[in-house]
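**Student:** What follows is each chain in one-letter form.
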Amino acid sequence: MINLFQFIPEIFILSLILITLCFGLFNKDRAISLNTLGFILLSVLLLNYGKDFYSSTQISLNTINLFVLAKIILSIGSIVFILLLKRPLKNENLYRYEYVLFLLFAILGSFVLISSNNFLTAFIGLELQSLSLYLMAAFNTKNLSSNEAGIKYFSLGALSSGFLLFGISMIYYDTGSFNIQNLYNFTAISEIGLSLVLISLFFKVSAAPFHIWTPDVYEGSPTISTLFFATLPKFASLIFLFRVYQELNISDIKSLNYIFQMVCAISLLVGVYGAITQKVIKRLLAFSSINHIGFMLLGIMSYQFMSEGTLLFYLIIYLITTFGIFAVLLNLRTVDGEFTKISQLNGLRFTSNSKSISMLVFFFSLAGIPPFAGFFAKFFILSASINDGFILLSIIAVLSSVIAAFYYLTIIKNMFFNKSEIDLLDDNNKTGKVIFILSGLIITLFFIYPDPLINLVDNLFK
Amino acid sequence: MSFPILSLLILTPIIGALTLSLSSSTQLKNKTIFLSGLWITTGEFLLSLLLPIFYDKSKNGYQFIEFHTWFDKFDINYYVGVDGVSIPLILLTTFLVPICLLCSINSIQNRAKEFVIYFLLLESFIIGVFVSIDLVIFYVFFEAVLIPMFLIIGIWGGENRLYATFKFFLYTLAGSVLMLLAIIYIISKVKSGNIELISDFTFDQQIELVLFLCFFASFAVKVPMFPFHTWLPDAHVQAPTSGSVILAGVLLKLGAYGFIRLSLPFFEYASIYFQPMIFALSCVAIVYTSIVALRQLDMKKMIAYSSVAHMGFVTIGIFTLTQDGINGAYFQMISHGIVSAALFLIVGVVYERHHTRMISDYSGVTNVMPKYSFFFMVFMLSSVGLPGTSGFVGEFLVIMSTISVSVYLTFFTAIGVILGASYMLLLYKNINFGDLKSDIKQLADLTNIEIFYFSCLAFLTMLLGIYPKLLFEMINKSISLSII
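Listed in order, the protein sequences are those of chains V and G.
Quick note: the first sequence, position 395, residue 395 per our numbering, numbers continuous.
Quick note: the second sequence, position 323, residue 323 per our numbering, numbers continuous.
Don't take every hint at face value.
[Said to hold, decoys possible] Lysine-lysine pairs mimicking DSS-like chemistry, simulated, CA-CA at most 25 Å apart:
no., chain 1, residue 1, chain 2, residue 2
1, G, 113, V, 419
2, V, 419, G, 167
3, G, 371, G, 437
4, G, 29, V, 419
5, V, 279, G, 167
6, G, 429, G, 441
7, V, 152, V, 142
It should be emphasised that the hints constitute simulated quantities derived from the structure, not laboratory data.
Isolated chain G, as found in the complex (with noise of 0.2 Å):
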């Protein structure tokens, strides 16, 4: 197919802030700002539901693809293209960020015109991650997302906001930067950045591992792994609703991508050489943060503190090496990218009633907000990981497949698991039942918006939960190929 439908993902949305950003701001109403960007973003949602209906599922390698010289001296190319992996994750995406402009009509007031331009940048460079097949435009999509969402958490956010935000573009950065000096290695050796023609070649083994260690330090950060960790909660608690949402669902998922997308495909002898360590600390991730998560006041922090122990299935997944480790990872990480990404949500709906996040100052819920306490239920079980939703799937096949690798690591998750059920059901206990508190009686239930983009997000959840085919079919070749 020749319909360039890859650029035009990226750009509807470039294009539709530039129109906004031209249009005079004192005579748009709100309304009408978060309407015109819903409108761009519903139509970018199906825009790229086109892809998995064009996508030919039996053959191998990228499609859609599109090749323009960008700059000549350096073998540097525009060069993109999707296949099993990517797609999925451009749905998500497209599919979460009319969600996140939903739920802050509302909540946003002041200079809505920039959080909707803003919002549609941070979704075409996301979108052009996921799509590059070229190191150096992926590099570039993948650090001009730091644009966007700091401006996000910096203007929007909570009364810490400045300390979250800069400490999360600066973690960001610090790990990237090392990537980028291990890209322009591995271009200056292979003579060339594109993805496939990388995959093939073989670097020295010592010289891997330290490539391999530069590109870790990169997705390390993102995903967050265990030491890196630090910046995800006070990201996540200072960032507004729809930040968090953004955030949990999809940056977070941008770690995992290029693990699986690039560390393992380049650096095969890295991956098994340094599979040890990143079990470790996958493993003290599941455990330590579900033990952090179970002692949070703020309901934020403990869904941020799950978010890490979650990701820690994710990445335990994908250094098994094995076909169905890989495939629980990813089917985890598109859950966790719909399941936190409501769990946020939730939370701030009655942030926005209420104006507090912490435990301590809900109880009853259930009695004033029912259609709230059953959408947060669903969740909360899929989180869990009970079977039938799509938080199971993931995990189960996470879980079998560290059997194949050792036993003590299956000991680990399955801890992991116990923990993330007493911490969201304590979550859920203590803010749903007991003793209505005399403060939220007067607490609206969900209104019509908000029943819609929930059911949205159940719906899928559900779906994936009973037919988890509809996901493997789509990734289970592209997987294959890129364990080799």
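Chain V with its partners taken away, still in its complex shape (with noise of 0.2 Å):
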């Protein structure tokens, strides 16, 4: 008998899909705010009874404290993109129920993924998730280059779908078993098998060398669905990869060991190296979100000195970032429609100073540059990964920091130093202006309050 107990945030999506798919026949707006409710209470739930659900398993109490914490992030994730995407959405007549559908679907595919511990229902959860995303990258029909990215991704992730497959089926060929927890004795079938599966996973979450969907899908795309290519399905994804690293002891296997620290070293190049040359804004920031994945795999790799915690504060800070810039940039249009370029942020400074000085503190703490969160997510992964003996990766991640803080610093000049040359048109969205204030003051304030964070993360340090 299968303990359905342990399926309830699943499950809760998933009536939430079919209430939607029913509600947004007749009302698309109340179909749409309902969800945000619906999260609500999912978020509300997990928060009091996550851990219940999940009492009767034999799963150990870290994981399980990991499953709520990543749940939790990733509906509130969800509340916030819901009250965002109507905005961008009308402006670019694409407001339609369907979307939120299609977030949906990769939310439940990302809750299948966290949670898994089959390889199989991991493979389930992860094309759920895919899927969703590639809908949501050619989502805007009538825009060519919308219908490329779109196209792109689906071509990619199959074949790295295909991957995904076949490495598992070599795991299940040399030990007979899909479930990662129980797996010992590998071959050398195993080990490509897992490699296989491991370059699937990097591809996801878009680290180098299996990257370079990255920046033509999030320039391609409705800005709106970049956003959600940025921040949740990527999370997730980098759970599962925590997940299968540690559950399967990667570390003690040499060469997938080696894989990792390379893919690592060559996401922190890759990223800072290929943004500083970028004009166009959505492409930077997907160079700039490859450099972050390697400080993310440095932080999965050195899990061992103060376990999940400096993970999750990094990709928690590194979402709030997210949302915050990505909050800005919907809310800035130009004459002629959505705003792309960089040089297009010139003199920000003198038409906003919300706007300009949220970005100036997300830039400067995406940079790392102290005394913002973004300081302190680096510094904890960089004692983290010294303490566990990867000092040549550590010199590498801060130098690329550095270069980082180069093209980071050029925005900054753009908005601040530059006069501006085309008229910004604002939004107003004032939902989004409450984002975006409330993620710069969290970046900001964390500095001289930092126990909520660190409390919220807190059971999860050793």
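Join these two chains into a complex; the hints should help.
**Tutor:** As structure tokens, then:
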């Protein structure tokens, strides 16, 4: 008898999908705002009873904490995202309730992915998530580049799913089990299989050298979809990658460990070198996210010192910053449509106080300059990695962040030092404004009062 | 004393900046903004005067200590306190910031509110560096200083300001991140960021050398020492006058302060091991940059190069590892803080009136601006190191202490003094004497405000030059502790 109790979050989302499907036919506004309510309910549910859901299973307490926290973060992220999406979609004439459905499916996939103990379930979760993402990329059907982004994302994503399946089948051939937790005694075949699984996961989180899709998809998709790609699904995939790393003790398997370190170093470097010459802000953010993935992989590898805490903290800060940046970007428009180029940010300082100062905070935080929260995120990751002996990778990481500072500074330069050439229109989206001001405040004030965020991930620190 | 004076010193400018930023900018005139900034910074200066008054010179160790846990899990605490080494630098900071605001009332016309806010933030970050005795918050403040400075140079700088401000930021950041790694490593070994605890800890010799180099990378860029100094002339030339003043007056001292406060007590073996390298670099800095300064056409650039040369004395003094040497270096730091700040103000005065910094565009200024020439002379002589001015004491002590190390070192530092005299006198002669150029005739002499701050600075130079004990009393004990 399967204990259905542990599937309550997933069942909740599934029922939310069904309700939205029926309700959306009649009133899309209500259907969408209903989802906000639903996710609020879900976060409260997880916050209060999250640990009880898994109490009957044999999962270790640490992992349960990770599940619950990751799901809470995903639901809160979804709330913010649903609040944000209305205006940008309306501007593009894309305001349809199906978009929220895709979002829900993607989140459902992420939930399944996070808490799966079995490679096949993980595959289903990952596919559910990815298929929704392909659709979100191509959601602007009248726009060529959006279609292109969708197709590119789909074809490359399908390839990586193939790798994943092939890898899983090799592991199954070798060990006779799909189970993640009880895999021991690897032979070379499972190692190859596992490396294929890892490659597929690296593709999903856009770690270099499996990142080629990222800049194009980021640029072509509607900005609101880009925000989604950059945050929640990546978060879920990283958590799963972390679990694979931890449960399978990849740090003990020499060859895979080597792959992991190489990918980490390459991501750190490719991210910064790619970003330097970019003129389009979404491409720049794509490359900068690759650099940050490098940091996160470093955090995954050095879990022995301070456990999941450092990684989750980095992820949370990164999510908050990314939401903030995109909330600002979504709030800006040029006369002839969405604004794309970095140079179009020129002189933002003179047109909007709140936007320019929030952007200043976000980019300095991404660059890891104290006193902003991004510094502490990097600081914790680096402390963990130095304690675990990854000295060379740490050096690469900090040097890459110096180079990264250059292009973040370029954006700040455009906003603060240059005079504006074209008029940026303010969308005056109140919810967007609230979101970026709030995230700016969190990033800044963390320095003075770090307790709430630290306590949030506290039970994950050893 | 349980009164949290240090936190108050850090917070006052921040709170001031916050209130300013919340006030609506359209209603306030530039002058009101500057005046309110002046009130805040003057209050801050008066507040900081409490430090030397209540500081107990007979006691060892840090005073006015405040301790709050910050990140439990990592043993990182908000731990601040001051000793004799930090107090004079805090005073120097709080003293220079109001002057910076005073000198920009007329020259900064656009975005005055932002200007004042950045300066207030800058002040509190700098004070944060000087009061922190935990490595992590030291680093946080040390890096945070870059943000307002980046904006100050970038927004109000000269025509090539972007290049200068990027170079400044990236150079300093590249040095600092290596220090960050070293800090993390130290904390993981000692299990604490407390500076006193780390001083008692002995590292493996090989590792100590590496750690020293990491700290050196950061501080050498900040000081700046010879091969890492190229950002300084650019930053100085492009920065607005007030930016140059705070840069030369205080920011350069952060590096030297780091050497005294962190490098020497942490890495005793490495400090002795790298002594020759630092002497060599400093000698090159003194002689080479002095010669470069001789050939400069731009006044600000000349003074910027002279800063590098003078900071060379400081690093030599610190790494003689003798009480006299460090005392002299420290004195030179404070003196250079006052004098170079004053010299940049001097340049700023004529630049504001004539809009050029080229030396060849001026001659015979003394005919139209006698008061200006007088103050110029005072600071020029102090920079040269005339006995009776503050510049003399530091240079003298440093040169004296080098004899115990090596006579060659003495020779090179002494050459630096001669070269210093030649370029400063040349600068003074070219600008003030000679035929009066026709387009200079309408230049107005110093205003009352300018006379006010120049006399404050001149008074301080004379006071320290005639009665150096004032400073030595304060620092002697703390410095003797840091040598061991």
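**Student:** Give a verdict on every hint.
**Tutor:** Status of the hints after comparison with the structure:
1. Taking the CA atoms of residue 113/G and residue 419/V, the gap is near 18 Å; set against the 25 Å cutoff, the hint holds.
2. Annotation: proposed proximity of residue 419/V to residue 167/G holds, straight-line Cα distance about 21 Å (limit 25 Å).
3. A distance of roughly 18 Å separates the Cα atoms of residue 371/G and residue 437/G; the hinted pair therefore holds under the 25 Å criterion.
4. For the hint linking residue 29/G to residue 419/V, the alpha-carbon distance of about 22 Å falls within 25 Å, and the restraint holds.
5. Under the criterion of a C-alpha separation no larger than 25 Å, the hint pairing residue 279/V with residue 167/G is consistent with the structure, at around 21 Å.
6. Between the alpha carbons of residue 429/G and residue 441/G the distance comes to roughly 18 Å, so the proposed pair stays at or under 25 Å and holds.
7. About 16 Å separates the Cα atoms of residue 152/V and residue 142/V, which keeps this hinted pair within 25 Å; it holds.
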